[in-house]
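Trainee: Turn these sequences into a full structure, and let the hints guide you.
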Amino acid sequence: MSDPLVLIPARMAATRLPSKPLADIAGDPMIVHVWRRAMEAGIGPVAVATDAPEIAEAVMRAGGQAVMTRADHASGSDRIFEAVEKLDPEGRHDVVVNVQGDLPTVDPRAIAASISPLSDAEVDLATLVAVIGREEEKTNPNVVKMVGSLVSPGRFRALYFTRATAPYGDGPLYHHIGLYAYRRKALQRFVGLSPSPLELREKLEQLRALEAGMRIDAILVDDVPLGVDTPHDLERARDMIAARASGPKVASTFGSNPMPLL
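According to the numbering used here, the stretch in the sequence shown is residues 3 to 264, in order.
Treat each hint with caution, since some may be false.
Stated by the list, open to error - Taking lysine-lysine and the PhoX-like style, the derived pairs with C-alpha atoms no more than 25 angstroms apart in a straight line are:
hint : residue 1 : residue 2
1    : LYS140    : LYS205
2    : LYS88     : LYS187
3    : LYS187    : LYS205
Said to hold, decoys possible - Computed Cβ-Cβ distance ranges for the label pairs, DEER-style:
hint : residue 1 : residue 2 : range
4    : GLU59     : ARG203    : 37 to 43 angstroms
5    : PRO143    : GLU92     : 39 to 45 angstroms
6    : THR141    : LEU161    : 19 to 25 angstroms
7    : GLU92     : GLU137    : 46 to 52 angstroms
8    : ALA244    : THR141    : 29 to 35 angstroms
9    : LEU161    : ARG63     : 43 to 49 angstroms
It is worth saying that the hints were derived from the structure and are not from the lab.
Note that the structure is a prediction, hence the values are computed from the model and not measured.
Note that CB positions come from ideal geometry on N, CA and C, so glycine has one too.
Mentor: Here it is in structure tokens:
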């Protein structure tokens, strides 16, 4: 692991919140806030991968880099693979970090922490998890759970991902955060695989990698970043960004405790 590239896939096709990447938050489009958080992580160059000229223009106006991709991609993983091949045909970047474009309050430290498991040559891709604290989230199928084995403090080898309540019995449950760091070769392999049976059943793309025998490790962080999917989420994001901008006393809005950077 020597040269990560951070890519943010973004498109205009959201139905619950039309034109979501361009939604205004504190005077800037949401996608610009995500780009800034990724830049603050300080792990490598950042670009937005999109099929919408208006998204690219918004990012470039803010001083960022954007790359145009096809409109027919089935997933963000497919989009970032096209983007990395366009941006880096020589293969200089050996790690690709996929940050969702609807996470305007993601902590930059979480983005930085995501690449640490890739220092282990056995790991193909890495992701993030947080302990589930609210009882209602333990049974909510919209909260994806990771089942994993602890390999070191704050790091797990993922065995399964599910919308069910798992594992059974006493102990913490872990909320999966959909931010991924891929070895570039692993990303190339992943996008070349067909959707797997468990992926289709659970509607969880990462199961394709596990069913193919790829190793996913997860880093434990303190908080789940707010994903903006609805107008209510957007208002919450605006409040959080406004609170963060108001002064040092609320600078912990994006995470109340230090994250483990392993």
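Trainee: Would you mind marking each hint as holding or not holding in the structure?
Mentor: Here is what the structure says about each hint:
1. LYS140 / LYS205: 18 angstroms, holds
2. LYS88 / LYS187: Satisfied, since the Cα-Cα distance of roughly 15 angstroms is no more than 25 angstroms.
3. LYS187 / LYS205: Cα-Cα ~24 angstroms, so holds.
4. GLU59 / ARG203: 37 to 43 angstroms: Since the Cβ atoms of GLU59 and ARG203 sit about 40 angstroms apart, the hinted range of 37 to 43 angstroms holds.
5. PRO143 / GLU92: 39 to 45 angstroms: Holds - the Cβ-Cβ distance for PRO143 and GLU92, about 43 angstroms, lies within 39 to 45 angstroms.
6. THR141 / LEU161: 19 to 25 angstroms: 20 angstroms, holds
7. GLU92 / GLU137: 46 to 52 angstroms: 51 angstroms, holds
8. ALA244 / THR141: 29 to 35 angstroms: 33 angstroms, holds
9. LEU161 / ARG63: 43 to 49 angstroms: Hint holds: Cβ distance 44 angstroms, inside 43 to 49 angstroms.
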